[in-house]
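Q: Build the full structure now, drawing on both the sequences and the hints.
Chains as they are written, first to last, in numbering that gives the first Met the number 0: chain A, 0 to 363; chain B, 0 to 283; chain C, 0 to 421.
A hint or two may mislead.
Claimed, not checked - Part of the chain C face toward chain A, derived, beta carbon under 8 Å:
#1 Ala103
#2 Lys105
#3 Asn115
#4 Tyr116
#5 Ile196
#6 Gln262
#7 Gly368
#8 Ser369
#9 Ile382
As the list claims (entries may be wrong) - Restricting the straight-line Cα-Cα distance to at most 27 Å, the calculated cross-link-like pairs of lysine-lysine (DSSO-like) are:
#10 A:Lys336 to A:Lys252
#11 A:Lys74 to A:Lys286
#12 A:Lys147 to B:Lys52
#13 A:Lys173 to C:Lys109
#14 B:Lys194 to A:Lys145
#15 A:Lys50 to B:Lys229
#16 A:Lys74 to C:Lys127
#17 B:Lys52 to A:Lys319
#18 C:Lys188 to C:Lys199
#19 A:Lys74 to C:Lys65
#20 B:Lys51 to A:Lys252
#21 C:Lys134 to C:Lys102
#22 C:Lys109 to C:Lys133
What the hints assert, rightly or not - DEER-style ranges, computed between Cβ atoms:
#23 A:Pro326 to B:Leu255: 40 to 48 Å
#24 B:Leu270 to A:Lys319: 47 to 55 Å
#25 A:Pro326 to C:Gly49: 33 to 41 Å
Note that these hints are calculated values from the structure, not bench results. Just so you know, even glycine gets a beta-carbon here, dropped at the ideal spot from N, CA and C.
For reference, the chains in residue letters:
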Amino acid sequence: MNNFMRNMTATAVIAMFGFAGQAMSTELVVVSWGGAYTASQQNAYHAPYMKKNPGIKIINDDSAGSAVAKLRAMKQAGNTTWDLVDAVASDAMMLCDEGLIDEIDHDSALAAGADGSSATEDFGDFIVSPCFIPQIVYSTTFGYRKDKVSKPMTSVCDVFDLKTFPGKRSLEKKPINNMEWALICDGVSPSKVYDVLETDAGVSQAFAKLDTIKSKVVWWTAGAQTPQLLADGEVVVGSTYNGRLFALIEEQKQPVAMLWDWQVFDLDGWVVPTGGKNKAETMKYLKFATDTQRLADQAKFISYGPTRASSAPLVGKHAKLGIAMAPHMPTDPNNAKTTLLFNYEFWADNRDDLDAKFNAWLLK
Amino acid sequence: MNSLPPYLSIPERIWHYTFWIICGAVLFFLIFPLLVIVPLSFNEVPFFTFTKKMLAFDPDGYSLQWYNDFFTSLNWQGAVRNSVFIAFFATIISTFLGTLASLGLSRPQMPYRTLIMSLLISPMIVPLIISAAGMFFFYSRIGLQGTHLGVILAHAALGTPFVVITVTATLTGFDNNLIRASQSLGATPTTTFFKVIVPLITPGVISGALFAFVTSFDEVVVVLFVGSYKQRTIPWQMFSGIREQISPTILAAATLLILLTIAMLTTLELLRRRTERLRGVTPS
Amino acid sequence: MEKIKENIPLVTADGTPLKISLARAQRRSKIVAFMMVFPLLLFITIAFIGPIADMLMLSIDNTIVKEILPKSTEALQSWDEYSGELPDEAVFAAIVADIKKAKATKQHTKIGSRFNYESSGFSSLFRKTGRNVKKIKTPPYKEALIKSDKRWGEIYTWQVIKQNSSSYTDGYYLAASDYKREFSSGNIKSLESKDSIYLKLFFRTIVLSSLITFLTFVIGFPLSYMLSQVSTRISNILIIFVLLPFWTSLLVRTTSWIALLQQEGVINDFLILVGFINEEGRLAMIHNATGTVVAMTHILLPFMILPLFSVMKTIPKSYVRAAVSLGAHPWKAFWKVYFPNTGPGIGAGSILVFILAIGYYITPALVGGSSGTFISNRIAYHISSSLNWGLGAALGVILLGIVLALFMLYDRIVGIDNMKLG
Numbered sequence: 000m001n002n003f004m005r006n007m008t009a010t011a012v013i014a015m016f017g018f019a020g021q022a023m024s025t026e027l028v029v030v031s032w033g034g035a036y037t038a039s040q041q042n043a044y045h046a047p048y049m050k051k052n053p054g055i056k057i058i059n060d061d062s063a064g065s066a067v068a069k070l071r072a073m074k075q076a077g078n079t080t081w082d083l084v085d086a087v088a089s090d091a092m093m094l095c096d097e098g099l100i101d102e103i104d105h106d107s108a109l110a111a112g113a114d115g116s117s118a119t120e121d122f123g124d125f126i127v128s129p130c131f132i133p134q135i136v137y138s139t140t141f142g143y144r145k146d147k148v149s150k151p152m153t154s155v156c157d158v159f160d161l162k163t164f165p166g167k168r169s170l171e172k173k174p175i176n177n178m179e180w181a182l183i184c185d186g187v188s189p190s191k192v193y194d195v196l197e198t199d200a201g202v203s204q205a206f207a208k209l210d211t212i213k214s215k216v217v218w219w220t221a222g223a224q225t226p227q228l229l230a231d232g233e234v235v236v237g238s239t240y241n242g243r244l245f246a247l248i249e250e251q252k253q254p255v256a257m258l259w260d261w262q263v264f265d266l267d268g269w270v271v272p273t274g275g276k277n278k279a280e281t282m283k284y285l286k287f288a289t290d291t292q293r294l295a296d297q298a299k300f301i302s303y304g305p306t307r308a309s310s311a312p313l314v315g316k317h318a319k320l321g322i323a324m325a326p327h328m329p330t331d332p333n334n335a336k337t338t339l340l341f342n343y344e345f346w347a348d349n350r351d352d353l354d355a356k357f358n359a360w361l362l363k
Numbered sequence: 000m001n002s003l004p005p006y007l008s009i010p011e012r013i014w015h016y017t018f019w020i021i022c023g024a025v026l027f028f029l030i031f032p033l034l035v036i037v038p039l040s041f042n043e044v045p046f047f048t049f050t051k052k053m054l055a056f057d058p059d060g061y062s063l064q065w066y067n068d069f070f071t072s073l074n075w076q077g078a079v080r081n082s083v084f085i086a087f088f089a090t091i092i093s094t095f096l097g098t099l100a101s102l103g104l105s106r107p108q109m110p111y112r113t114l115i116m117s118l119l120i121s122p123m124i125v126p127l128i129i130s131a132a133g134m135f136f137f138y139s140r141i142g143l144q145g146t147h148l149g150v151i152l153a154h155a156a157l158g159t160p161f162v163v164i165t166v167t168a169t170l171t172g173f174d175n176n177l178i179r180a181s182q183s184l185g186a187t188p189t190t191t192f193f194k195v196i197v198p199l200i201t202p203g204v205i206s207g208a209l210f211a212f213v214t215s216f217d218e219v220v221v222v223l224f225v226g227s228y229k230q231r232t233i234p235w236q237m238f239s240g241i242r243e244q245i246s247p248t249i250l251a252a253a254t255l256l257i258l259l260t261i262a263m264l265t266t267l268e269l270l271r272r273r274t275e276r277l278r279g280v281t282p283s
Numbered sequence: 000m001e002k003i004k005e006n007i008p009l010v011t012a013d014g015t016p017l018k019i020s021l022a023r024a025q026r027r028s029k030i031v032a033f034m035m036v037f038p039l040l041l042f043i044t045i046a047f048i049g050p051i052a053d054m055l056m057l058s059i060d061n062t063i064v065k066e067i068l069p070k071s072t073e074a075l076q077s078w079d080e081y082s083g084e085l086p087d088e089a090v091f092a093a094i095v096a097d098i099k100k101a102k103a104t105k106q107h108t109k110i111g112s113r114f115n116y117e118s119s120g121f122s123s124l125f126r127k128t129g130r131n132v133k134k135i136k137t138p139p140y141k142e143a144l145i146k147s148d149k150r151w152g153e154i155y156t157w158q159v160i161k162q163n164s165s166s167y168t169d170g171y172y173l174a175a176s177d178y179k180r181e182f183s184s185g186n187i188k189s190l191e192s193k194d195s196i197y198l199k200l201f202f203r204t205i206v207l208s209s210l211i212t213f214l215t216f217v218i219g220f221p222l223s224y225m226l227s228q229v230s231t232r233i234s235n236i237l238i239i240f241v242l243l244p245f246w247t248s249l250l251v252r253t254t255s256w257i258a259l260l261q262q263e264g265v266i267n268d269f270l271i272l273v274g275f276i277n278e279e280g281r282l283a284m285i286h287n288a289t290g291t292v293v294a295m296t297h298i299l300l301p302f303m304i305l306p307l308f309s310v311m312k313t314i315p316k317s318y319v320r321a322a323v324s325l326g327a328h329p330w331k332a333f334w335k336v337y338f339p340n341t342g343p344g345i346g347a348g349s350i351l352v353f354i355l356a357i358g359y360y361i362t363p364a365l366v367g368g369s370s371g372t373f374i375s376n377r378i379a380y381h382i383s384s385s386l387n388w389g390l391g392a393a394l395g396v397i398l399l400g401i402v403l404a405l406f407m408l409y410d411r412i413v414g415i416d417n418m419k420l421g
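A: See the structure below:
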């Protein structure tokens with residue numbers, strides 16, 4: 000037994016040291032969403048940066064889904080372990096208001112556009128918050144099984160048409176986007192959708208429309224679920240982020256087609272947590288990762304549109320598949336005939352309230 | 000199993016065979032979902048479905064890519080290291096503290112026994128989401144959120160009830176005369192402890208330790224809340240493999256773990272039989 | 000025989016009276032026993048009970064309002080919220096000062112969110128006011144503030160603020176029980192049935208968990224009985240069938256059930272193959288309550304089998320033989336002699352399965368769809384997504400209360416000491 004104890008202690012001590020002895024390089028913890036999206040960031044930003052700067056190691060943490068809660072907790076603890084976080088615009092606004100992320104002077108912190116414009120000009124309206132560094136434009140839209148429908152789907156209202164397109168649908172388990180689509184397909188003029196949603200009658204109208212397909216809906220909470228459901232044939236049409244659909248169609252060659260009608264644009268970008276431990280290095284990395292060429296490079300791996308105006312002409316071909324990416328961008332004119340832009344004001348105010356109503360409706 | 004006694008009536012015979020069919024069905028129910036995982040882990044496409052090619056046994060439908068991913072991916076390597084590290088230390092803490100507490104609890108003079116017992120088992124009783132949320136807030140306040148120590152402490156707390164329950168159960172059958180006998184033969188309390196008590200409670204302690212180890216190794220909710228990316232464990236990786244990205248690598252990992260478990264259980268059984276043979280003890 | 004004098008007290012070898020010696024020895028034993036338990040008790044208190052208690056406090060904590068709006072809450076004390084009149088200039092001055100300070104310290108949206116939980120619209124009110132408040136430099140503040148946003152001119156706004164100013168709030172518990180406070184009258188009203196989710200969810204969680212417990216019992220009892228009756232060799236091999244799922248990750252087992260239960264999944268394909276159903280009649284066994292029940296029954300079955308098995312192993316086989324030899328029919332012998340002895344095992348298994356079932360949220364999240372989710376899903380949602388930590392904590396307290404009540408019931412009927420896990 001003495002030998003045993005000795006060996007155990009030795010192993011324990013060595014294991015402890017193994018973990019205590021960290022690398023000599025600086026580690027930057029970058030939080031993102033995982034899957035193909037993180038892979039595209041790894042390929043377009045992290046890998047080239049690490050090559051140029053061998054003393055930096057970039058670690059990917061896929062917990063962006065719970066980023067807001069974790070950032071609040073880290074602030075309370077006084078121990079922020081993240082350096083850079085990928086957040087959607089609405090979350091960035093919330094975090095900025097709470098003082099959990101730094102305000103950025105876009106013109107001095109970020110590179111100028113390759114066409115000579117300043118950063119603020121290049122990003123334009125996409126800088127929706129002083130703390131937000133826009134990265135990509137993505138949209139939530141539908142994909143459907145080509146082989147399981149009698150004719151191609153052309154309108155978002157086809158999702159509500161159970162007669163022509165029977166089968167299950169998958170929708171996000173949130174009121175956001177679903178309510179808007181329900182109202183548009185119930186005859187409300189798209190420009191008035193949010194005015195109508197502010198009223199109780201409008202909310203009931205949206206729920207009534209959703210009731211017509213409710214029994215056939217599979218509700219998703221993570222981006223990977225709809226592609227899985229479409230591939231399995233569990234659903235005939237489902238909403239998700241357009242990049243996931245691109246991967247499903249072009250990379251995994253599933254018999255799925257895009258339904259761009261009334262896609263909802265949203266922005267995804269970088270935010271810098273206050274209290275991060277490697278600010279200088281993080282800002283240096285940000286300058287590189289958000290310059291014109293880098294944003295265009297990301298489009299080589301995933302079909303999300305760069306937010307810089309100067310990057311658009313540089314969007315080329317997919318790195319592995321060799322197909323031109325421009326037609327797959329949500330911002331491409333062919334795809335963007337009917338679009339909604341995420342209404343940050345409205346949802347910031349009404350999200351809690353509508354969310355409670357939505358969950359009550361789900362339970363009925 | 001053995002031939003049925005001849006005096007059984009027909010209904011009794013029918014019941015006998017029905018009973019065995021029921022048990023067989025239950026065993027099948029337990030195992031079948033695990034068997035399904037194995038072929039899925041060789042899937043050629045990154046989905047959790049049996050593709051047409053796979054059902055037709057077309058070799059193109061199968062691939063080792065997920066096993067490859069598991070062994071080469073930094074994420075998974077880190078996850079395996081973390082899982083083993085965290086589970087190991089959590090088990091040590093919970094086994095040590097739990098056994099000590101059980102020994103104290105089983106003494107007849109222990110005051111407030113029921114109350115303390117309830118408190119000690121509470122981690123098993125409190126719904127996991129509440130424990131995870133509570134620990135998330137509390138550990139954030141004291142700076143343990145996102146640290147290895149935090150996760151180890153959390154898992155140790157979750158594992159102790161199992162140790163306490165199994166060791167106290169073993170101790171209820173313990174014959175205290177053995178202690179008195181050893182002391183009457185001149186042994187000091189320490190010698191009595193190590194030479195009389197420990198060997199007899201070891202099966203219970205090991206059983207409890209195993210429960211505690213499995214609890215930590217398979218735990219996902221608490222580690223998602225209390226840990227951060229650096230503490231990612233195998234369940235963490237699996238969770239992200241289901242939700243954020245469709246990655247059948249988790250099935251490869253699961254198959255490997257199943258094989259490991261089978262190997263371990265078989266070894267234990269063979270060792271037990273060997274000990275029996277050597278001791279000349281006939282199984283009951 | 001010598002007569003023993005009755006009033007000489009018994010003494011121990013060293014001369015002290017027996018009573019005192021005995022008491023001293025017992026006290027020492029007690030202290031030793033307690034010292035052995037103490038480390039674990041301390042550990043559990045700090046690492047576990049402390050955190051839970053802390054979270055419980057979150058469910059009533061409302062100090063944020065006094066912290067961020069100190070002058071306003073004080074000024075509002077003298078205002079009668081049912082008088083039908085707006086507060087006076089002093090209150091408006093107070094709130095302008097508070098919001099200016101809050102904006103500087105970036106707290107103004109936090110307080111807006113807090114009020115938003117009680118009545119929607121406050122998020123935007125405080126955010127907008129935060130942006131515009133720097134323009135309000137001189138009195139009279141009342142007109143200036145109302146000009147910047149007309150909601151400040153509504154009595155309702157002030158009623159909400161005043162009624163939510165105290166350090167402790169019952170708002171989260173009201174919401175968790177599907178009630179809300181009507182600020183215009185101060186009364187508590189229950190939410191309309193179309194808006195009430197939590198009671199329904201609690202009910203559904205308890206019902207489904209009971210169903211799952213019952214199923215694990217019905218399925219697990221025969222198997223445990225069989226395992227206890229066969230020889231050790233065979234039972235050790237067969238127990239592997241129970242331990243293997245037990246030690247396989249919960250997530251993996253859930254994924255495998257998804258692959259099995261889907262409409263295009265293995266079970267449906269098999270049923271079509273043997274002709275039970277046709278293409279149109281594929282069963283919907285997942286993304287609903289059925290999926291949750293089936294998957295969780297499978298996952299929790301080992302927790303019922305192991306305690307049952309460990310108790311059954313200790314029941315001497317001679318009992319049943321004795322009953323039969325006394326003339327009882329084997330069935331009667333089983334029900335009257337054997338079954339009652341398995342009581343502790345049934346109790347331990349049932350309580351374990353039930354409590355685990357109530358607290359699970361990952362499996363219901365993955366396979367439950369919208370009709371098979373549990374209350375724990377909502378708790379997790381409030382902690383990680385909606386960030387209404389107060390409501391999440393209140394729901395957690397209620398859930399914990401239910402579980403503790405059940406546990407005390409279990410203790411009364413079966414007794415904790417009789418718990419065995421094999």
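Q: Going through the earlier hints one by one, which of them does the structure break, listed in rising order?
A: 1, 14 and 25
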